[in-house]
Amino acid sequence: MPTKTTWATGLPWSVERCTDHVASASFVLAVLTSVARLVDVVRTDQAATASTDRSA
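Take the sequence shown: its position 46, counted from the start at 1, is 47 in the working numbering, and no numbers get skipped.
The reader is advised that the hints may include incorrect statements.
[Unchecked claim] Per label pair, the in silico range of CB-to-CB distance: (1) VAL16 x ALA51: 49 to 57 angstroms; (2) VAL23 x VAL43: 28 to 36 angstroms; (3) THR53 x SER15: 54 to 62 angstroms; (4) THR50 x ARG18: 42 to 50 angstroms; (5) SER27 x THR53: 36 to 44 angstroms; (6) THR53 x HIS22: 43 to 51 angstroms; (7) THR45 x HIS22: 28 to 36 angstroms; (8) VAL32 x SER52: 26 to 34 angstroms.
Source of the hints: derived by calculation from the structure; they are not laboratory data.
Keep in mind the model is a prediction, meaning the values are calculated, not measured.
We put the CB at the ideal spot given by N, CA and C, even for glycine.
Given the sequences, and given the hints that come with them, work out the whole structure.
Following this line, the structure appears as structure tokens:
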């Protein structure tokens, strides 16, 4: 039985699906990294605000 190929690349269908999963996984990882960085910035900002409030 021949393997199913996609019209766009001619690669086997399973290989193309695998690369799709890798691309979406790296995208999700990038989003999570940026969200974590944003949360970290907000936390340090709140900590700085809290310390200035205490000293005032």
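Right, here's what the structure says about each hint:
Checked against the given bound of 49 to 57 angstroms, the beta carbons of VAL16 and ALA51, roughly 52 angstroms apart, stay inside it. Against the hinted window of 28 to 36 angstroms, the Cβ-Cβ separation of VAL23 and VAL43 comes to about 31 angstroms, which satisfies the hint. Between THR53 and SER15 the Cβ separation comes to about 57 angstroms, which falls inside the hinted range of 54 to 62 angstroms. Between THR50 and ARG18, the C-beta spacing of about 48 angstroms keeps the proposed range 42 to 50 angstroms intact.
Distance hint check for SER27 and THR53: the Cβ-Cβ separation is about 39 angstroms, which falls inside the suggested range of 36 to 44 angstroms. In this structure the supplied range 43 to 51 angstroms holds for THR53 paired with HIS22, their Cβ-Cβ distance being about 47 angstroms. About 35 angstroms separates the C-beta atoms of THR45 and HIS22, a value consistent with the hinted range of 28 to 36 angstroms. Remark: the range hint 26 to 34 angstroms for VAL32 to SER52 is upheld by a beta-carbon distance near 31 angstroms.
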